[in-house]
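Protein chains: 2
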Amino acid sequence: MSKCSVRHLSLLGSPLKRRCFLKGCNMSTTALLNGSDMGRVVTLDNMNPHLRVMEYAVRGPLVIRASQIEKELASGVKKPFSEVIKANIGDAHAMGQSPITFIRQVVALVSYPVLLDSPDFPDDCKERARVILGGCKGGSAGAYTDSCGIEVIRRHVAAYIEKRDGGIPSDYSNIILSNGASESIRAVMKLLINKSKDGLNNGVMIPKPQYPLYSASIAEYGLEQLNYYLDEDNGWGLDISELERSVNEARKRCNPRAIVIINPGNPTGQVLSRQNIEDVIKFAHREKLFIFADEVYQENVYAKGSQFHSFKKVLMELGEPYSGMEMASFLSSSKGYMGECGLRGGYAEVINLDPKVRAVLEKSISAKLCPTVIGQTVMDVIVNPPVPGEPSYDLFMSQKKAVLESLSQRATMVAETFNSIPKMKCNIVQGAMYAFPQIMLPEKAIEKAKSLGQAPDVFYAFQLLEKTGICVVPGSGFGQRPGTYHFRTTILPQPEKLKMMLEKFREFQTDFIREYS
Amino acid sequence: MSKCSVRHLSLLGSPLKRRCFLKGCNMSTTALLNGSDMGRVVTLDNMNPHLRVMEYAVRGPLVIRASQIEKELASGVKKPFSEVIKANIGDAHAMGQSPITFIRQVVALVSYPVLLDSPDFPDDCKERARVILGGCKGGSAGAYTDSCGIEVIRRHVAAYIEKRDGGIPSDYSNIILSNGASESIRAVMKLLINKSKDGLNNGVMIPKPQYPLYSASIAEYGLEQLNYYLDEDNGWGLDISELERSVNEARKRCNPRAIVIINPGNPTGQVLSRQNIEDVIKFAHREKLFIFADEVYQENVYAKGSQFHSFKKVLMELGEPYSGMEMASFLSSSKGYMGECGLRGGYAEVINLDPKVRAVLEKSISAKLCPTVIGQTVMDVIVNPPVPGEPSYDLFMSQKKAVLESLSQRATMVAETFNSIPKMKCNIVQGAMYAFPQIMLPEKAIEKAKSLGQAPDVFYAFQLLEKTGICVVPGSGFGQRPGTYHFRTTILPQPEKLKMMLEKFREFQTDFIREYS
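As they're listed, the protein sequences go chains A and B.
According to the numbering used here, the stretch in the first sequence is residues 334 to 850, in order.
According to the numbering used here, the stretch in the second sequence is residues 334 to 850, in order.
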């Protein structure tokens, strides 16, 4: 401080000059007082406070440590395991799932149209690629598309939705293609950022446990996060009285404006019944809530008796006044049987928006120019796959079926194994790609965690990682009822590896319980 | 109102219930009073006000009208022209530029690795693709990458920057890959959203004229837009006294925290001298500003005597204290000789950030998961092109050179032609992809525009579009000195088409001047 105290003191009186510009100092006057600033323009103290508080557990500290361990293993460090198993993220290809040939062939043709003359590509691939290129300006995947995506692909998406929903119309102008589903979820949620004249913030209802994209985006946007708990004792069911409790409490402090439903559930794997969806829609109507229907796992339904019902279909079939409700539904190329996370395809279908609001939505995404043409291409193939009689049909169907059947078997294996391990219990994985088992942590383990300043489930997950190389995400990253502890694991490791992982889990849990009992 | 007035009146007393739920009504109590609401949850009145006010002229109403005209032409409507020329956006492939073969071959191999066995792809392409796939989890472009991108590509980017800057070190951990440059520009700018304790907002200095991504993002983020005017009479030069005027005025109402420099300029096409860059850096240091160096046109320098100097190189060569300044520089796959807009590749190099702020930046982008692997692949090829002796070298160089030479000729042609048209003047296009000529509008035309409720330059551009099919962007979308009128046109139409377009311009302008004199 000595070096620049005079200059600093001369600045202290001015509210608009907060820094000392003496060479080598450059501290803020605040920093002069608290010593926390290295003279930088952007500091933790003055940066965007919303970004500071947001959390995205799926890529949090545990995952960073897992990557470090991978590097340690690669550099020869000895561990009680030979590889890290990243069961933290729904990333099928990373866990060894092969791409669907048809998707990749069409992508290759769109990227490098010279291949359209190659005899090595089936005609149905070429036909898809030609249609997509026909929708690209200048016939090139290198041209910007409309901000909502290529019109012909949006039309294919609408046709797919119409077919999925038994003929209920879908208008292509309601389809917004995006880089993965996350981007369009965030674009639509952004519409809601506002406070009412009485100073109350807008709020968004999300399930607990939830996929942390929602809590992260809500935090970033400065919205209020309104939790409704899923009922673990009833297969992670969605209880309307809990929704009512949540919204009634929320109205005391904010304006609830939207509800997020994840179906099939992430991280919880439940599949909502049609009745349940009807009840949610009626609830949302009573409470004047915009519906976010996160349906990215619609192809991932495994349990006997479970069936996917789209929110849009149920809403339309309920008729007036429900069929006029504002809703957005999302699909991603990253999930389903495709698992094309890295190619970033996704869409939103946004219905019943005020046309003026819709225009603002379109304007707001236009500054980002357009979603990747390759992601759009993947989405096109997903909604417009080979049909019987086309040359790629048999291979496509066999690959799709193999992935979904194997996922179904793994879903069963995971839940059954966890239920056979002491002090763990796990609901049936009806759909999606995850299990969210509960761990009954011994009191001593909870105390140990607290002594280390860690949440008990975080402590557990770090122990698991360090001792077995298995990387899961602690339940607190998704939300859980206070006093309960969980983790999310994907069911994506290939069957042999998954079996091995589950056995390691059994050993770890047995040792852990013994150590802390 | 009659139908539900009783219910409405019963609600009026409650601040938390604002809507009537009677079937067919559903009006808000406010709407009941002003009649502006159709019962929707999200309305212009209650939605995000920042999104309402943001504008992105490059995709504004004029472009929407141009697309309508294209559809009218396609459906057989007779017009005084047979095609729309979209000179509104820097989209080279849409205007007929062919992709660089090497880029597309590598993309095809990464997308569909079966092709690695094909004899039709050169070995250097295969080597690039193998390295990229080696950096993908599970060896698949379908796996999520790290949020900042694939490590090996980030390393290639850092090596490219180091070479570009004559050996000044670049650390790969400072490289953030993104879906085009826009995404990383927005991610970094988002860090600045905050108010100081005395309620003053943060502000960002941007040039006028500017690329409207900046004004749009500033508006969306609720930051203060601080304009500094470029000097049209001096080749769109950047005058430090004008920066000082701007920042001094701004300090009365906000906290200026950053300055955006676009070099080469968009829409103005100027290339900054080294001395000018030094002066800007010293100004930014004096005023404690974070530097956004938009250098996406760094390959696009045409004028004799003009040379691109990167901000980072100049900043580092200036030494302490400047070399410690916080800065982000951006590159895009959409510009240069590549023009790969639709594949969405881009990067930011972010230097000298407070490590804690940097951690928040990384966290904030992690919720978006990762940029497209194909966009990352394109960026890899751009920074790691074929070298002499590799099989693709000759073709790559001849394609690159052809594009850049043709652009250079078109840059000259455009400025010369505009200067030969009455009541127009245009600075030399030293770099980038645009000309930003001034039009001296007759008083009568200005009056006519005002009578129609249009800005004069918007009126001019609409007239041009309707009469010639040429779509440009009015100067007001970029900013211009009050009382002056401009438009931005790209130099991207292929030479013959550009010539034709410029002749149409001459005719239009001649007629326009005659009509309104």
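Derived from the structure by calculation, the hints contain no laboratory data.
One or more of the hints may lead you astray.
Said to hold, decoys possible - Using C-beta positions, here's what the derived DEER-type ranges look like:
hint, chain 1, residue 1, chain 2, residue 2, range
1, B, Lys496, A, Asn534, 43 to 51 Å
2, A, Pro394, B, Lys530, 24 to 32 Å
3, B, Val386, A, Asn560, 29 to 37 Å
4, B, Arg814, A, Glu405, 43 to 51 Å
5, A, Leu449, B, Arg839, 35 to 43 Å
6, A, Ser529, B, Thr817, 36 to 44 Å
7, B, Arg398, A, Gln640, 42 to 50 Å
8, A, Asp727, B, Ser431, 50 to 58 Å
9, A, Gln640, B, Val720, 53 to 61 Å
10, B, Val386, A, Ser529, 50 to 58 Å
11, A, Thr434, B, Arg398, 21 to 29 Å
12, A, Ser451, B, Gln827, 50 to 58 Å
As the list claims (entries may be wrong) - Okay, derived cross-link-like pairs now, SDA-like style, lysine to any residue, Cα gap no bigger than 20 Å in a straight line:
hint, chain 1, residue 1, chain 2, residue 2
13, B, Lys615, A, Gly372
14, B, Lys404, A, Gly372
15, A, Lys696, B, Tyr554
16, A, Lys800, A, Ala788
17, B, Lys404, A, Val464
Said to hold, decoys possible - A few chain B residues that don't get close to chain A, going by computed Cβ distances all over 10 Å:
hint, residue
18, Thr376
19, Phe616
20, Val720
21, Glu776
Note that beta-carbon positions come from the ideal geometry of N, C-alpha and C, so glycine has one too.
Going through the hints against the structure:
Between lysine 496 of chain B and asparagine 534 of chain A the Cβ separation comes to about 50 Å, which falls inside the hinted range of 43 to 51 Å. Taken as a hint, the range 24 to 32 Å holds for the pair proline 394 of chain A and lysine 530 of chain B, whose Cβ atoms sit roughly 31 Å apart. Range check, valine 386 of chain B to asparagine 560 of chain A: Cβ separation about 32 Å, and the 29 to 37 Å hint holds. Between arginine 814 of chain B and glutamate 405 of chain A the Cβ separation comes to about 60 Å, which falls outside the hinted range of 43 to 51 Å.
Checking the proposed 35 to 43 Å range against leucine 449 of chain A and arginine 839 of chain B shows it holds: the Cβ atoms sit about 40 Å from each other. Here the CB-CB span from serine 529 of chain A to threonine 817 of chain B is close to 42 Å, well matched to the stated 36 to 44 Å. Remark: the range hint 42 to 50 Å for arginine 398 of chain B to glutamine 640 of chain A is upheld by a beta-carbon distance near 46 Å. Restraint check, aspartate 727 of chain A to serine 431 of chain B: a C-beta distance of roughly 36 Å breaks the suggested window 50 to 58 Å.
For glutamine 640 of chain A and valine 720 of chain B, the hinted distance range of 53 to 61 Å is satisfied, since their beta carbons lie about 57 Å from each other. At roughly 19 Å, the beta carbons of valine 386 of chain B and serine 529 of chain A sit outside the given window of 50 to 58 Å. In this structure the supplied range 21 to 29 Å is violated for threonine 434 of chain A paired with arginine 398 of chain B, their Cβ-Cβ distance being about 43 Å. Evaluation of the 50 to 58 Å hint for serine 451 of chain A and glutamine 827 of chain B yields a failure: the beta carbon distance comes to about 28 Å.
For the suggested pair lysine 615 of chain B and glycine 372 of chain A, the alpha carbons sit about 16 Å apart, so the restraint of at most 20 Å is met. A distance of roughly 56 Å separates the Cα atoms of lysine 404 of chain B and glycine 372 of chain A; the hinted pair therefore is violated under the 20 Å criterion. Distance hint between lysine 696 of chain A and tyrosine 554 of chain B is fulfilled; the C-alpha atoms sit about 15 Å from each other, no more than 20 Å. A C-alpha spacing of about 18 Å is found between lysine 800 of chain A and alanine 788 of chain A, which places the hinted pair at or below 20 Å, so the restraint holds.
In summary, the hint linking lysine 404 of chain B to valine 464 of chain A is supported, as the alpha carbons are separated by about 18 Å, within the 20 Å threshold. With a cut of 10 Å on Cβ distances, threonine 376 of chain B falls inside the contact zone with chain A, its closest approach being about 6 Å. Separation of phenylalanine 616 of chain B from chain A is adequate, the least Cβ-Cβ distance of about 12 Å exceeding the 10 Å criterion. Separation of valine 720 of chain B from chain A is adequate, the least Cβ-Cβ distance of about 22 Å exceeding the 10 Å criterion.
For glutamate 776 of chain B, the non-interface assignment is confirmed: its Cβ lies about 33 Å from the closest Cβ of chain A, beyond the 10 Å cut-off.
When each numbered hint is compared with the structure, violations occur for hints 4, 8, 10, 11, 12, 14 and 18.
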